[in-house]
Amino acid sequence: MKKRGQAKAKAENDYRIALATQILKEREKGTPVTIINDICRGNKIIANLKMERDICESLYECCLQKIYQTKIELNIIENQMNAERKGL
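The sequence shown begins at 1 in the numbering used here and counts up one residue at a time.
If you are wondering where the hints come from, they were derived from the structure by calculation, not from laboratory data.
All C-beta atoms, glycine included, are put in the ideal place defined by N, C-alpha and C.
Some hints here could point you the wrong way.
Each pair of labels, with its calculated beta carbon distance range [stated by the list, open to error]:
#, residue 1, residue 2, range
1, C63, D38, 49 to 57 Å
2, A20, A83, 28 to 36 Å
3, I45, K71, 33 to 41 Å
4, I17, C63, 54 to 62 Å
5, K25, E52, 18 to 26 Å
Capping the alpha-carbon separation at 30 Å, the derived lysine-lysine pairs in BS3-like fashion look like this [stated by the list, open to error]:
#, residue 1, residue 2
6, K8, K44
7, K3, K29
8, K8, K86
9, K50, K29
10, K3, K71
11, K86, K10
12, K44, K25
13, K10, K44
14, K50, K2
15, K29, K86
16, K29, K2
17, K66, K25
18, K3, K44
19, K29, K71
20, K44, K86
21, K50, K66
22, K25, K8
23, K71, K44
24, K25, K10
25, K86, K2
26, K29, K44
27, K25, K2
28, K3, K86
29, K8, K71
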């Protein structure tokens, strides 16, 4: 879980830095502000970084859901054991 969280944070950091850098470059070139975000997000490098960020986020969420699933399974087993002890 820790590794997934760190990978998620690093991917987010890399994406944001690259996006901000590209936005500044576009502003220096005189690109109209209204289309800068679209142009920057269409940049191949930025798009790949965003994809990596989204993948890391999905893997983190998947790991988190697996933990929740395991907790529920353990709770079910514990309830079954308690029921057997009580003779139900």
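For this session: Check each numbered hint against the structure and report the violated ones by number, ascending.
Result: 1, 2, 4, 7, 8, 11, 15, 16, 17, 19, 20, 23, 25, 27, 28
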